[in-house]
Amino acid sequence: MSRKSYWMIVTAAILCLAMAMVGCSPEEEAGVLKIGNVGPLTGGAANYGINVLRGIEVAVDEANASGELGDLTLKVYSEDTGGDWSKAANAFSKLIDVDKVDVIIGGVLSSESEAGGPIAKDAAIPTISPSSTSAGLTLDNPYLFRNCLSDEAQIEQMAEYAVNELGLGRFAILYTNNDYGVSLKDSFEAKAKELAKVVAIEGFMDGDENFKPQLTKIKQSNPDCLYIGGYYTEGAKIAQQAREMDLNVQILGADGLCNVALIEIGEEAVEGTYATSGFYPDDPTPAVQNFVTAYKEKHGEDPDMFAAQAYDAARIVINAIKTSGPSSEEIREGIAATWNFPGITGNTSIDEEGDTIKDVLILKVENGKFVRVR
Amino acid sequence: MFVQQLMNGVILGSTYALIALGYTMVYGIIELINFAHGEIYMFGAFVGLLLVTVLDIPFFLAFLLAMALGSLLGVTVEYLAYRPLRRSSRLSALISAIGASFFLSNLALLIMGSQPFSFPNPFEAKIYHTPLFIISRVEITVLLSSLILMIALTFFVQRTKIGKAMRATAQDKDTASLMGINIDRIITITFAVGSALGAAAGVMVGIYFRTVTPTMGFMPGLKGFVAAVLGGIGNIPGAMLGGILLGIAEVMGAAYISSQYRDAVAFALLIIILLFKPAGLLGRPAQEKV
Amino acid sequence: MLSPYYIQLVILVGINTIMASSLNLIIGYTGQLSIGHAAFMSIGAYASALVTVHFNFPFIASLLFGALVATLFGLLIGAPTLKLKGDYLAIATLGFCEIVRIVFLNLDITGGSVGLRGIPKKTTLLTVVVAVLITIFVLNRIINSRIGRALIAIREDETAAESMGINTTYYKVICFGVGAFFGGLGGGLFAHFFRFIQPNSFGFMCSIEHLCMVVLGGMGSMWGAFIGATAITAIPELLRFLGDFADYRMVIYGAILVIMMRVRPQGIIGQRLSADQVSIGEKLFNRWAGMGTGGKRG
Numbered sequence: 001m002s003r004k005s006y007w008m009i010v011t012a013a014i015l016c017l018a019m020a021m022v023g024c025s026p027e028e029e030a031g032v033l034k035i036g037n038v039g040p041l042t043g044g045a046a047n048y049g050i051n052v053l054r055g056i057e058v059a060v061d062e063a064n065a066s067g068e069l070g071d072l073t074l075k076v077y078s079e080d081t082g083g084d085w086s087k088a089a090n091a092f093s094k095l096i097d098v099d100k101v102d103v104i105i106g107g108v109l110s111s112e113s114e115a116g117g118p119i120a121k122d123a124a125i126p127t128i129s130p131s132s133t134s135a136g137l138t139l140d141n142p143y144l145f146r147n148c149l150s151d152e153a154q155i156e157q158m159a160e161y162a163v164n165e166l167g168l169g170r171f172a173i174l175y176t177n178n179d180y181g182v183s184l185k186d187s188f189e190a191k192a193k194e195l196a197k198v199v200a201i202e203g204f205m206d207g208d209e210n211f212k213p214q215l216t217k218i219k220q221s222n223p224d225c226l227y228i229g230g231y232y233t234e235g236a237k238i239a240q241q242a243r244e245m246d247l248n249v250q251i252l253g254a255d256g257l258c259n260v261a262l263i264e265i266g267e268e269a270v271e272g273t274y275a276t277s278g279f280y281p282d283d284p285t286p287a288v289q290n291f292v293t294a295y296k297e298k299h300g301e302d303p304d305m306f307a308a309q310a311y312d313a314a315r316i317v318i319n320a321i322k323t324s325g326p327s328s329e330e331i332r333e334g335i336a337a338t339w340n341f342p343g344i345t346g347n348t349s350i351d352e353e354g355d356t357i358k359d360v361l362i363l364k365v366e367n368g369k370f371v372r373v374r
Numbered sequence: 375m376f377v378q379q380l381m382n383g384v385i386l387g388s389t390y391a392l393i394a395l396g397y398t399m400v401y402g403i404i405e406l407i408n409f410a411h412g413e414i415y416m417f418g419a420f421v422g423l424l425l426v427t428v429l430d431i432p433f434f435l436a437f438l439l440a441m442a443l444g445s446l447l448g449v450t451v452e453y454l455a456y457r458p459l460r461r462s463s464r465l466s467a468l469i470s471a472i473g474a475s476f477f478l479s480n481l482a483l484l485i486m487g488s489q490p491f492s493f494p495n496p497f498e499a500k501i502y503h504t505p506l507f508i509i510s511r512v513e514i515t516v517l518l519s520s521l522i523l524m525i526a527l528t529f530f531v532q533r534t535k536i537g538k539a540m541r542a543t544a545q546d547k548d549t550a551s552l553m554g555i556n557i558d559r560i561i562t563i564t565f566a567v568g569s570a571l572g573a574a575a576g577v578m579v580g581i582y583f584r585t586v587t588p589t590m591g592f593m594p595g596l597k598g599f600v601a602a603v604l605g606g607i608g609n610i611p612g613a614m615l616g617g618i619l620l621g622i623a624e625v626m627g628a629a630y631i632s633s634q635y636r637d638a639v640a641f642a643l644l645i646i647i648l649l650f651k652p653a654g655l656l657g658r659p660a661q662e663k664v
Numbered sequence: 665m666l667s668p669y670y671i672q673l674v675i676l677v678g679i680n681t682i683m684a685s686s687l688n689l690i691i692g693y694t695g696q697l698s699i700g701h702a703a704f705m706s707i708g709a710y711a712s713a714l715v716t717v718h719f720n721f722p723f724i725a726s727l728l729f730g731a732l733v734a735t736l737f738g739l740l741i742g743a744p745t746l747k748l749k750g751d752y753l754a755i756a757t758l759g760f761c762e763i764v765r766i767v768f769l770n771l772d773i774t775g776g777s778v779g780l781r782g783i784p785k786k787t788t789l790l791t792v793v794v795a796v797l798i799t800i801f802v803l804n805r806i807i808n809s810r811i812g813r814a815l816i817a818i819r820e821d822e823t824a825a826e827s828m829g830i831n832t833t834y835y836k837v838i839c840f841g842v843g844a845f846f847g848g849l850g851g852g853l854f855a856h857f858f859r860f861i862q863p864n865s866f867g868f869m870c871s872i873e874h875l876c877m878v879v880l881g882g883m884g885s886m887w888g889a890f891i892g893a894t895a896i897t898a899i900p901e902l903l904r905f906l907g908d909f910a911d912y913r914m915v916i917y918g919a920i921l922v923i924m925m926r927v928r929p930q931g932i933i934g935q936r937l938s939a940d941q942v943s944i945g946e947k948l949f950n951r952w953a954g955m956g957t958g959g960k961r962g
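Chains as they are written, first to last, in this note's numbering: chain A, 1 to 374; chain B, 375 to 664; chain C, 665 to 962.
If we strip away everything but chain A, and leave its shape as in the complex, we get (with noise of 0.2 angstroms):
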């Protein structure tokens, strides 16, 4: 036999071993309801993937712990999706067909959640997503959900603060090239331009570092505000930027900056800012100081946005098998039927469409923590 022959065989025989070796599906276990989880565990976006999933974690603890079930068991089976879609594609299928899971918290970038809809709508799985923000993602799929704050309802709330409550009439908007960016400057321009006046529109790209060009644009338009459209690492960047080169406008955006990290990178260049929020982590009510607590019993941070929504989103699948009932289609029609759910991330509701109702907070940078304004 030849080498080469001899090496064709020995891969496909790995090939194969390896194949038959996982196809085997894990025995069924009574009492255990499988619970899902996809997200990018690694690469650029793992830090969204990994706080997700810490949310899940605790939700889950907590209802096993609590009894709350009673005999159900909940297990988290979650899947790396490097934060590309396709291979987010195959962990969705992967859950399903393989691990038989029962429902599914994600995924957590829109790109993902709209690869793994429609593959959740075939197998009649119901899939939450915790932080999926584009626009229409829920539409037509009566098995996808959300629990994310609506673009809408934050710009405005934004907007008519800023023009009404800081005086502000000069907007500037930067914002990352990607669904989460997009929808809020598509939102922002809109209820900007009939309320004041925008002056200035840049975007960047993903994992951006160097936002100079695009200030030193919009310095020149001459602004009082910069809404940024992008989550806390740019948003940081830009702010510490943005005062190196002396542009000194009050900066504003929406919940994708409310994250520690936020200061800690910015520093006093973040100083003041404003931005929307569904999450308070300081907030007094026992719900919201018991998940800060035992989040920072198992992980040792402090939760951020994505860990809370993600919490909430296991929250009301835990209460969707309570009130509905553990099979994949009675979790649907209780997640579906969720109504003014007193959630961390404040009250939910999901519409006829699964997207979600949500009260907003604005949240101020005072003195290196996140204050509640609004």
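Keep in mind the hints are simulated off the structure, nothing from the lab. Zero decoy hints are in this set.
The calculated lysine-lysine pairs, modelled on DSS-like cross-linking and capped at a C-alpha distance of 27 angstroms, are:
{"id": "1", "chain 1": "C", "residue 1": "786", "chain 2": "A", "residue 2": "121"}
{"id": "2", "chain 1": "A", "residue 1": "121", "chain 2": "A", "residue 2": "75"}
{"id": "3", "chain 1": "C", "residue 1": "785", "chain 2": "A", "residue 2": "121"}
{"id": "4", "chain 1": "A", "residue 1": "217", "chain 2": "B", "residue 2": "500"}
{"id": "5", "chain 1": "A", "residue 1": "298", "chain 2": "A", "residue 2": "369"}
{"id": "6", "chain 1": "A", "residue 1": "121", "chain 2": "A", "residue 2": "100"}
{"id": "7", "chain 1": "A", "residue 1": "369", "chain 2": "B", "residue 2": "500"}
{"id": "8", "chain 1": "C", "residue 1": "785", "chain 2": "A", "residue 2": "100"}
{"id": "9", "chain 1": "B", "residue 1": "651", "chain 2": "C", "residue 2": "747"}
{"id": "10", "chain 1": "A", "residue 1": "34", "chain 2": "A", "residue 2": "296"}
{"id": "11", "chain 1": "A", "residue 1": "100", "chain 2": "C", "residue 2": "786"}
{"id": "12", "chain 1": "A", "residue 1": "34", "chain 2": "A", "residue 2": "322"}
Distance ranges between label pairs, derived from CB positions:
{"id": "13", "chain 1": "A", "residue 1": "135", "chain 2": "C", "residue 2": "744", "range": "36 to 46 angstroms"}
{"id": "14", "chain 1": "C", "residue 1": "809", "chain 2": "A", "residue 2": "12", "range": "24 to 34 angstroms"}
{"id": "15", "chain 1": "B", "residue 1": "453", "chain 2": "A", "residue 2": "30", "range": "51 to 61 angstroms"}
{"id": "16", "chain 1": "B", "residue 1": "553", "chain 2": "C", "residue 2": "823", "range": "28 to 38 angstroms"}
{"id": "17", "chain 1": "C", "residue 1": "740", "chain 2": "A", "residue 2": "369", "range": "51 to 61 angstroms"}
{"id": "18", "chain 1": "A", "residue 1": "290", "chain 2": "C", "residue 2": "725", "range": "56 to 66 angstroms"}
{"id": "19", "chain 1": "A", "residue 1": "300", "chain 2": "B", "residue 2": "495", "range": "19 to 29 angstroms"}
{"id": "20", "chain 1": "B", "residue 1": "375", "chain 2": "C", "residue 2": "827", "range": "49 to 59 angstroms"}
{"id": "21", "chain 1": "C", "residue 1": "823", "chain 2": "B", "residue 2": "433", "range": "49 to 59 angstroms"}
Think of the CB as a built atom: it goes at the ideal place given N, C-alpha and C, for glycine as much as any other residue.
Use these hints to put chains B and C onto chain A, whose structure you have.
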């Protein structure tokens, strides 16, 4: 505004140039695209960060230590992933390099976690106004240190005995070896120096952009590679020129064309330049041996 | 009976086989280093998806349309850039791939960064198998024809090929066009399988994956492309089954690439290099590396 944007481009470009130097030096000697170079850059930034925050070492010393450790990692990667493949097809070595890059960035993710770390600013935040542009103290530091490192490298390659041996090896390995040059040693030194520059770039970008993450090496690595090719891969002044030009092209693209199409503008420029100068700006056209 | 997950993996292996074997024609048989094959995949995916969604094209017609649009771009980009050599060609193709991705990210008709949704699911196991067979058949016919011999001659020695009267630019552009055609076909199948496409999955990493498939399987071998596509598609998926060690998935994946190359540098079924039978690896290595003699002494 034009001068301000030009300054923005030069500062960004100087970090690309430092990364490009590592690529170009390695390429000049063994014609390998050292894919793991972006990860060395990330490693340098992390080492710098940990030394400054955990061990509380003065910034300048941490900078030098990060360079030293970065070069150690570069040499290790060469020894484990590239040296065994030196006699194989160049593409195999490239795949091995890609594997090494995956391995290092994901290992960093496992160890350090995914949350971005903030790099403390070792300098006081100060802004200098000139009639034409505004520049911050950090920017001056980045610009000056890149310049110093580039001058030091040019001196090293042009004036020292080892530098001479490196140039000889790059030109013709056989003849160099016949002249008594230890090729393996030269390759090791090349990796050490190139990686030290990559790590230095990591620390500088760390203080400039203020964050360090395990995946930070990917895009700058790619850009550094592009800059190296733009200047003529294997050519040291070419890498510096390529880096600066790429930085300026990006900034100008964002400023005057569209910030959305920024990278597309930079890449289109690259392709056009290559069409007119097929071996890069300063590269000499390869001589075909018939 | 295979479960949908395994069918999905088999379909992905099939699509990747099309991608890898068409790239193999460019890299393995013609010796032109292209690291932007994902560009053709995304052009094919978007073109075919758009005509399906907006004009209700039949499946086969939309696949053909996508493949032809990709071919057009392959010829357009190939004609000027293919005079570049080695790494300069590589970087030009990489640049092209990034430009395509950024354009798709910003166009309205493609849904921009939000992506294009609502593509009907038409790709089935059967269509993929048929497409793979057609691809391999056509590529085999090309390789064993006059064109194929010209391509291999270019790979072996471009100067000598030219002096034998082969119009090297013409053949290189043809090869690029054919590669782009099948790349676009793969993209069309991909779009109609996932029902959603977004530009970021067709970036640089995607091109690199295709390159890994070709090199890992063995350059210049049709079986090699298939084995490479299977391995690169399956390994990250198999590593999902590591249980508690799943966190180490991507670290292990990286290590596997390094180790595989150490053990089988010529690819899984690439040929061992020998003096009388100079294989592709050796040739490429001599031409591109210029270190053939230098390293051996090391």
